[in-house]
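Enquirer: Chain residues, written in single-letter form:
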Amino acid sequence: MSLVSKLPILSRRRLLAGAAGLAGGLIAVRDVSAQAVQPGAHQQVLDKAVGGKKAQPGKVRIRMPEIAENGNTVPMTVAVESPMTAADHVKAVHIVTDNNPRPEVASFYFTPGNGKAEVSTRIRLSQTMNVLAYAEMSDGSVWSARAEAKVTIGGCGG
Amino acid sequence: MSTARIRLPASIKKGDIVEVKTLVTHTMESGQRRDAQNNVIPRKILNKFACTYNGKEVFKADLAAAISANPYLAFFITATESGTLDFVWTDDDGSTIKESAKITVA
Chain A
-10 MSLVSKLPIL SRRRLLAGAA GLAGGLIAVR DVSAQAVQPG AHQQVLDKAV GGKKAQPGKV
50 RIRMPEIAEN GNTVPMTVAV ESPMTAADHV KAVHIVTDNN PRPEVASFYF TPGNGKAEVS
110 TRIRLSQTMN VLAYAEMSDG SVWSARAEAK VTIGGCGG
Chain B
259 MSTARIRLPA SIKKGDIVEV KTLVTHTMES GQRRDAQNNV IPRKILNKFA CTYNGKEVFK
319 ADLAAAISAN PYLAFFITAT ESGTLDFVWT DDDGSTIKES AKITVA
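Chains as they are written, first to last, in my numbering: chain A, -10 to 147; chain B, 259 to 364.
Source of the hints: derived by calculation from the structure; they are not laboratory data.
Among the clues, some could well be false.
Below, computed lysine-lysine pairings styled on DSS-like, alpha-carbon distance capped at 25 Å [said to hold, decoys possible]: (1) A:K37 - B:K318; (2) A:K80 - B:K306; (3) A:K80 - B:K272; (4) A:K105 - B:K360; (5) B:K318 - A:K48; (6) B:K314 - A:K105; (7) A:K105 - B:K306.
Quick look at which bits of chain B chain A covers, simulated, 3 or more residues with Cβ under 8 Å [what the hints assert, rightly or not]: (8) 308 to 322; (9) 327 to 335.
Negatives, chain B to chain A, calculated, CB over 10 Å [claimed, not checked]: (10) T261; (11) R265; (12) L266; (13) S269; (14) I270; (15) T283; (16) H284; (17) S340; (18) G341; (19) D344; (20) F345; (21) V346; (22) T348; (23) S358; (24) K360; (25) V363.
C-beta atoms are modelled at their ideal positions from N, C-alpha and C, and glycine is treated no differently.
For reference, chain A alone in the conformation it holds in the complex:
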């Protein structure tokens, strides 16, 4: 029978808390991402990126694993339906998150020479959150999508 199971519950919790504190002290690099996430900051970034235009949901798809094992590197693909002709194409896709220390992820600028408006990358997510994308089309319309990723181990050095 292990020593820990012999202890009353209160002491066991204290023991684990103490162990966690010790482990925290041993990690040379600590993360500051516990600083407050500004609510609504991500929406401001998106609005500014598209010059305040209103976005309607559709045409954009964000593909990510539903559960991300490692928040340091979460694969993400963003695709926008578009013929990508000179007359009708995606000009830009802006991506933000709603619960990272800073909301910006990337802006991707497409041309008809891409043939397909799709981009894949890997992103950092500090905890479970939503990823939001706004796509600006050559006709001035803006389309949006949102996807949630659950994160088991956060990706901000913690």
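Given the coordinates of chain A, work out where chain B should sit on it, guided by the hints.
Expert: Below, chain B alone, put in the same frame as chain A:
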């Protein structure tokens, strides 16, 4: 020393929409971490990427600190002619990483 790797399909026919996969070595220091003395490690990331196809810009990106270390970026191009794809990544400090790949279109 950063290295960049580019992957293109082995055989490309004119008109094919092909995926260009890029990978570059870079810490992408987010500016969110602290060192052992509790000082914030300053942000130092690649914040821009651009690809030109025979001199014409075909794709570019602004990258933020939420892009993972060793940035992987994959996008598509319509293969029109043989030639060169040039890639440039720009660091916060103004330095650049450049790479080129030949594209052979049948």
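Enquirer: With reference to the structure, classify each hint as holding or not holding.
Expert: Right, here's what the structure says about each hint:
1. Of the pairs offered as hints, the one joining K37 (chain A) and K318 (chain B) holds, with about 19 Å between alpha carbons and a cut-off of 25 Å not exceeded.
2. For the suggested pair K80 (chain A) and K306 (chain B), the alpha carbons sit about 17 Å apart, so the restraint of at most 25 Å is met.
3. For the hint linking K80 (chain A) to K272 (chain B), the alpha-carbon distance of about 24 Å falls within 25 Å, and the restraint holds.
4. Between K105 (chain A) and K360 (chain B) the alpha-carbon distance is near 21 Å, which keeps this suggested pair within the 25 Å criterion.
5. With a C-alpha separation of about 21 Å, the suggested pair K318 (chain B) and K48 (chain A) falls inside the 25 Å cut-off, and the hint holds.
6. For the hint pairing K314 (chain B) with K105 (chain A), the CA-to-CA distance comes to about 17 Å; that is within 25 Å, so the pair holds.
7. Distance hint between K105 (chain A) and K306 (chain B) is fulfilled; the C-alpha atoms sit about 21 Å from each other, no more than 25 Å.
8. Counting residues of the segment 308 to 322 of chain B whose CB falls under 8 Å from any CB of chain A gives 10; the rule of at least 3 is met.
9. For the segment 327 to 335 of chain B, the proposed coverage by chain A is satisfied: 8 residues have a C-beta within less than 8 Å of a C-beta in that chain, meeting the threshold of three.
10. At roughly 17 Å from the closest C-beta of chain A, the C-beta of T261 (chain B) stays outside 10 Å, upholding its exclusion from the interface.
11. The Cβ of R265 (chain B) lies farther than 10 Å from every Cβ of chain A, with a closest approach of about 12 Å, so its non-interface assignment holds.
12. Residue-level check passed: L266 (chain B) sits 14 Å from the nearest beta carbon of chain A, beyond 10 Å.
13. Even its closest Cβ contact with chain A, about 17 Å, leaves S269 (chain B) beyond 10 Å, as expected for a residue assigned away from the interface.
14. Every Cβ of chain A is farther than 10 Å from the Cβ of I270 (chain B); the closest lies at roughly 12 Å, confirming the non-interface assignment.
15. Residue-level check passed: T283 (chain B) sits 14 Å from the nearest beta carbon of chain A, beyond 10 Å.
16. With a closest Cβ-Cβ approach of about 12 Å to chain A, H284 (chain B) is found to remain outside the 10 Å limit, as its non-interface label requires.
17. Chain A leaves S340 (chain B) outside its interface by the beta-carbon criterion, the shortest separation being 15 Å against a cut-off of 10 Å.
18. Annotated as non-interface, G341 (chain B) keeps its C-beta farther than 10 Å from every C-beta of chain A; the closest such distance is 13 Å.
19. For D344 (chain B), the requirement that its beta carbon stay farther than 10 Å from each beta carbon of chain A is met, with the minimum near 14 Å.
20. Distance to chain A confirms F345 (chain B) as a non-interface residue, since its nearest Cβ pair spans about 14 Å, more than 10 Å.
21. The claim that V346 (chain B) lies off the interface holds: its Cβ sits roughly 14 Å from the closest Cβ of chain A, which is beyond the 10 Å cut-off.
22. Here T348 (chain B) stays apart from chain A, with its beta-carbon at least about 14 Å from theirs, past the 10 Å limit.
23. At roughly 17 Å from the closest C-beta of chain A, the C-beta of S358 (chain B) stays outside 10 Å, upholding its exclusion from the interface.
24. Every C-beta of chain A lies more than 10 Å from that of K360 (chain B), the closest at about 17 Å, which supports listing it as non-interface.
25. For V363 (chain B), the non-interface assignment is confirmed: its Cβ lies about 13 Å from the closest Cβ of chain A, beyond the 10 Å cut-off.
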